[in-house]
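K.L.:
Residue strings, one per chain:
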Amino acid sequence: MKRSRAQIVLLAIVAAAVVVASAAMARVNGTIFDRPEPVRAFTLDDHGGKPFTAEQLKGRWSLILTGFTSCPDVCPFTLANLEQVVAELGLLVRPDRLPAVIFLAVYPDRDRPNLKEYVTQFHPDFIGLTGALDQIENALKGIDAVAVRLKPDARGNYQVNHTAAAAVIDPQARLVAKINPPFEPAPTAQFLADLIRRYGNARSPEGGR
Amino acid sequence: MTGRCLDLLRCSAIASMLAGVAFGSVPGPELDVSWAGASLDVESAWIPLAPVGLKVHVGYMTIVNRAATDKHVLGADSPDYERVELHRSTIKDGVTSMEAVEEVRVPPHGRVEFAPTGLHFMLLGPKRPQALGARVPIVLLLSSGEKVDVSAIVRRRDDPAQGAHSHHWHICATCHSLDGISAMARFPKLAGQRAAYIEKQVRDFRDGRRNNDGGQMEASASDIADADLARTAAYFASLPPPPPDGTLQTNGPEWRRGAALYQEGDEAAGIPPCNRCHDDATSGQPQGPYLSSQHASYLAKQLRDWRTGIRTNSGDMPKIAAKLSDQDIDALATFLASYPRVHANGTAAQ
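Protein chains in written order, with the working numbering: chain P, 1 to 209; chain F, 1 to 350.
Isolated chain F (complex conformation):
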């Protein structure tokens, strides 16, 4: 299965910069880590599957400008087409027309959508037959001399990941349950989880930044489009949070050790309190995911994966988990699984 959408990071990272502009001192494009300097990101680039034999195709995408200055897209190229032009469809007085566009300005910290019945990339003279799920390279040409590499996926217009027929959460629900409270502990409960966290994890699985699950999520997530991912994450985030695990013994020594680590950390061992970033975060809005009322064995596995380096998609967690003993991990898992979820807005799960 092929991923349906563009990987932001990858796209930015390969955004090749021409020397001599603002990045004259950067020693070549291999210095990908400075991708933020590329300043233009492209999201959800796609090309609708066109009827066989048609010599004019179309490309859609959202261009995001992360820089503080205007960016101007002057045109585009693709090795798969003879020519790429910027066009805009308009409907005026009930009549639709299309005109070529000389350049498209992307305002600072703004975004411009190329979408059906509006701005689009007209792809003329296909050099090879279109294939569903194939990726088509498109290079955006900016007035600054920068070039931005885009990888657009070919898919059907009536793709279920589009529009009103979006029910991707049914796929997620196979394991995570439609109410987001999974029955099996190896699948985390998603109900009431922060949408941004769910989105990031799915992207990380899809794009290979997280794979501590035996590859199952990569297979499931490769099929989800960015727009659909946002809706799906919002769906699970909107569900009532799971209740705490009532089968665990609370107030025993292990549970109390977990509670202490969660609330106070262990200064001697260099372990910060979990609630600095998670759940009822002392710092205000939680930065990390909700951990309370999660499956105990899932939490324990994640902490061990951080510790051994099997899971790496966080800046802080590997460092913190490295300081946790096996007893600490079991204590935290027991405590957190039995700890009722309190949302930032003050609502508590029963």
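Chain P extracted, bound-state conformation:
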């Protein structure tokens, strides 16, 4: 069987594309939603005690992750990595397109006293949010996340099972994508830079719709 040169070139391009795509896929667990979804209204408090509503998500990009402040392992790992992601992203996009990093703390009674120290340890600009349980629930639904507060165990350890991904919210306060662990700085930053440029360059505010 003899293939034309064009066929061979095409095959080579497809093969190369598959290799490139799988290499990128292996390192970035990012999902872009087909249809951006506006977040639900919520009113929470930021870590300084000031009200923070869904409206305040408008005008800039945000990364929102779910957690609780007595989470010693996964949440700090995520926050530390997101700090590195944003640092890397600073080399790739305009400063006004850099996302805010928002930590949605879902155990308000326990989280409120620690929240400021907890989030600002990773970066002084990081924002911690918490508040009434129903408002937390609204915020969670808007970013397609869940949090299950478990009863403290016999030794009094508090535990929350929660979504590991961070939600990517565009400047119109819409959920447009999610990024998943391990949040490797360089590939995650590249993923976000591509996403931000794509939305930033689109004439239609509806993005890919």
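Treat each hint with caution, since some may be false.
Heads up, simulated DSS-like pairs for lysine-lysine below, C-alpha to C-alpha not over 27 Å straight-line [claimed, not checked]: (1) K55(F) with K200(F); (2) K151(P) with K58(P); (3) K301(F) with K127(F); (4) K141(P) with K50(P); (5) K200(F) with K127(F); (6) K92(F) with K151(P); (7) K200(F) with K92(F); (8) K55(F) with K116(P); (9) K151(P) with K127(F); (10) K50(P) with K116(P); (11) K92(F) with K141(P); (12) K200(F) with K319(F); (13) K319(F) with K301(F); (14) K55(F) with K151(P); (15) K127(F) with K116(P); (16) K55(F) with K50(P); (17) K323(F) with K301(F).
Keep in mind the hints are simulated off the structure, nothing from the lab. Treat the numbers as computed from the prediction; the structure is a model and nothing was measured.
For chain P, the structure is supplied; the task is to place chain F on it using the hints.
P.N.:
Structure of chain F alone, referenced to chain P:
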């Protein structure tokens, strides 16, 4: 400055064994030299700096089992915390959860990593404020009754010695040059050197087993983490080896004496040939570092330091150097510095 990582030997040596188990005949823990019997080593133990006021901290480390039998870690204690528990984080269907773990098996000649988003030591109820760079004692409790003392260092999660931001070799390069071919003869050329040798020397400097440099390396090396050390050593090892020193007179009597010692040794004086262990080793893979194309005065100084006992971090070299005369040392240094590097894979430096 405080060292950032755990000293393997020290850790093992102080691994206290409870009497009555396999070591019933060992007369107490002062017999530290039998540390290999402790069989569990811990590497790179660290505790991330936690936000002030947080009552739950976490510890990470790699546990290495050098024994031929399973080891089971049942728990841990620390004088700095009210309680230590074994936990595992898992991410399933996009949801992260954490559960207590009853015991962790470390397979024979295997290792288990306690690392972010996986197994970890949960440190509850800190008894004192955390301090960056401080060491926290943790005692691992094994099913055999053994206890293993661990010293974990407190550092930031975004420590530059971690992960993608590792550029420690820039610090080394201040003296050893970014291409590993140092300009000044008092700093050895590292380019193309064996990674294992570089790692061992840095550890030895850091941990006080080598100090024949006036303390400079101890100060520089105290700051390097084990994982970063491995990458840094690999970096210098990967560089093209240095060219031989072309300014030295070759084929003169001194050079020929050096060449003869290197290739044949001096049987009468009890000096084995250098190339039994070094460079194009007759025994196959070189055991010792590459010496060829190194600075002549650096080599001469090292041989004299072995001879006088200022440098001691090798089993064989003090004995061999004791038999070398001053003329032998100068001859070897001249020959080796002018001798082109031939790697085990056959590539030669220009």
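K.L.:
Compare the structure with each hint and give your call.
P.N.:
The hints, checked one at a time:
Between K55(F) and K200(F) the alpha-carbon distance is near 38 Å, which puts this suggested pair outside the 27 Å criterion. Taking the CA atoms of K151(P) and K58(P), the gap is about 36 Å. The hint is violated against a cut of 27 Å. As the CA atoms of K301(F) and K127(F) are separated by approximately 49 Å, the hinted pair breaks the 27 Å bound. Between the alpha carbons of K141(P) and K50(P) the distance comes to roughly 22 Å, so the proposed pair stays at or under 27 Å and holds.
For the given pair, K200(F) sits about 36 Å from K127(F) by alpha-carbon distance, which is inconsistent with the 27 Å threshold. For the suggested pair K92(F) and K151(P), the alpha carbons sit about 20 Å apart, so the restraint of at most 27 Å is met. The suggested pairing of K200(F) with K92(F) is violated, with an alpha-carbon distance near 40 Å, which exceeds 27 Å. A C-alpha spacing of about 15 Å is found between K55(F) and K116(P), which places the hinted pair at or below 27 Å, so the restraint holds.
At roughly 25 Å between alpha-carbon atoms, K151(P) and K127(F) fall within 27 Å of each other, so this suggested pair holds. Our distance criterion of 27 Å between C-alpha atoms is met by K50(P) and K116(P), whose separation comes to about 12 Å. Among the hinted pairs, K92(F) with K141(P) is consistent with the structure: their alpha-carbon atoms are about 19 Å apart, no more than 27 Å. For the hint pairing K200(F) with K319(F), the CA-to-CA distance comes to about 20 Å; that is within 27 Å, so the pair holds.
For the given pair, K319(F) sits about 16 Å from K301(F) by alpha-carbon distance, which is consistent with the 27 Å threshold. At roughly 18 Å between alpha-carbon atoms, K55(F) and K151(P) fall within 27 Å of each other, so this suggested pair holds. For the given pair, K127(F) sits about 22 Å from K116(P) by alpha-carbon distance, which is consistent with the 27 Å threshold. At most 27 Å may separate the alpha-carbon atoms for a hinted pair to count; K55(F) and K50(P) meet this at roughly 25 Å.
Note on K323(F) and K301(F): the hinted pairing holds, with a Cα-Cα distance of about 15 Å set against a maximum of 27 Å.
In terms of the numbered hints stated before, the structure departs from hints 1, 2, 3, 5, 7, listed from lowest to highest.
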